[in-house]
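Listed here are the chains, written in short residue letters.
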Amino acid sequence: GAVVSQHPSRVICKSGTSVKIECRSLDFQATTMFWYRQFPKQSLMLMATSNEGSKATYEQGVEKDKFLINHASLTLSTLTVTSAHPEDSSFYICSASSQTYGYTFGSGTRLTVV
Amino acid sequence: AQSVSQHNHHVILSEAASLELGCNYSYGGTVNLFWYVQYPGQHLQLLLKYFSGDPLVKGIKGFEAEFIKSKFSFNLRKPSVQWSDTAEYFCAASSNQAGTALIFGKGTTLSVSS
Numbered sequence: 002g003a004v005v006s007q008h009p010s011r012v013i014c015k016s017g018t019s020v021k022i023e024c025r026s027l028d029f030q031a032t033t034m035f036w037y038r039q040f041p042k043q044s045l046m047l048m049a050t051s052n053e054g055s056k057a058t059y060e061q062g063v064e065k066d067k068f069l070i071n072h073a074s075l076t077l078s079t080l081t082v083t084s085a086h087p088e089d090s091s092f093y094i095c096s097a098s099s100q101t102y103g104y105t106f107g108s109g110t111r112l113t114v115v
Numbered sequence: 019a020q021s022v023s024q025h026n027h028h029v030i031l032s033e034a035a036s037l038e039l040g041c042n043y044s045y046g047g048t049v050n051l052f053w054y055v056q057y058p059g060q061h062l063q064l065l066l067k068y069f070s071g072d073p074l075v076k077g078i079k080g081f082e083a084e085f086i087k088s089k090f091s092f093n094l095r096k097p098s099v100q101w102s103d104t105a106e107y108f109c110a111a112s113s114n115q116a117g118t119a120l121i122f123g124k125g126t127t128l129s130v131s132s
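Taken in sequence, the protein lines are chains A and B.
Counting in this note's numbering, the first sequence runs from 2 upward without gaps.
Counting in this note's numbering, the second sequence runs from 19 upward without gaps.
Calculated from the structure, these hints are not laboratory results.
Keep in mind that the hints are not guaranteed to be accurate.
Derived lysine to aspartate or glutamate pairs resembling EDC-like cross-links, with alpha carbons at most 20 Å apart [what the hints assert, rightly or not]:
#: 1; chain 1: A; residue 1: 42; chain 2: B; residue 2: 84
#: 2; chain 1: B; residue 1: 67; chain 2: B; residue 2: 33
#: 3; chain 1: A; residue 1: 42; chain 2: B; residue 2: 106
Going by beta-carbon spacing under 8 Å, a handful of chain B positions derived as facing chain A [what the hints assert, rightly or not]:
#: 4; residue: 57
#: 5; residue: 62
#: 6; residue: 66
#: 7; residue: 76
#: 8; residue: 105
#: 9; residue: 119
#: 10; residue: 122
#: 11; residue: 123
All values derive from a computational prediction rather than experimental measurement.
Cβ coordinates follow ideal geometry from the N, Cα and C atoms, glycine included.
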């Protein structure tokens with residue numbers, strides 16, 4: 002079946018630094034990738050939708066300059082949290098969409114900003 | 019605006035009890051519906067999905083859901099829960115257009131006591 006690999010699974014960074022999270026579809030090509038954020042005991046909130054080779058579409062209230070998304074190929078999307086602050090601490094989840102497999106989720110990245 | 023609502027925030031049951039979790043959606047056009055489960059410390063796992071056809075959908079682990087178009091509902095059911103069903107359950111929806119994101123409900127925490 003389809004597998005989406007997300008790295009790192011956990012990261013701790015200092016306030017003011019940037020963190021990059023990778024999302025790879027391992028055995029299929031993803032036409033579209035999505036990035037979600039999940040606060041403890043809450044739902045997944047869609048942050049942005051990205052298609053290969055084009056600019057990401059951000060949801061209302063999501064700062065595009067803070068959460069940089071790059072979708073360089075059909076198998077890789079990255080989310081960079083720039084100038085991270087403690088309020089950015091959260092669980093970030095990517096999802097890849099394909100005609101064959103539908104939606105496949107990564108295992109998530111726990112970001113802690115100290 | 020597209021939205022998914024889950025009525026039950028926290029459900030507590032004893033083993034062997036029957037389960038029904040409510041989900042309502044608000045979507046323009048044709049909608050695809052999903053139920054996901056998230057066990058503690060794990061990533062999302064698809065329980066079942068409805069695209070078209072028979073409105074009663076059977077999924078994994080003995081779960082089923084019924085799509086009732088007139089009520090805009092897609093409730094999840096299980097005749098007899100087990101302790102291992104303790105988890106977070108998310109209802110989600112998307113349009114049937116390729117490349118559209120899943121929109122999640124707020125989730126329901128199910129606690130099953132043995």
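How the hints compare with the structure:
| no. | hint | result |
| --- | --- | --- |
| 1 | 42/A / 84/B | 26 Å, violated |
| 2 | 67/B / 33/B | 25 Å, violated |
| 3 | 42/A / 106/B | 8 Å, holds |
| 4 | 57 | 12 Å, violated |
| 5 | 62 | 5 Å, holds |
| 6 | 66 | 12 Å, violated |
| 7 | 76 | 17 Å, violated |
| 8 | 105 | 12 Å, violated |
| 9 | 119 | 5 Å, holds |
| 10 | 122 | 5 Å, holds |
| 11 | 123 | 6 Å, holds |
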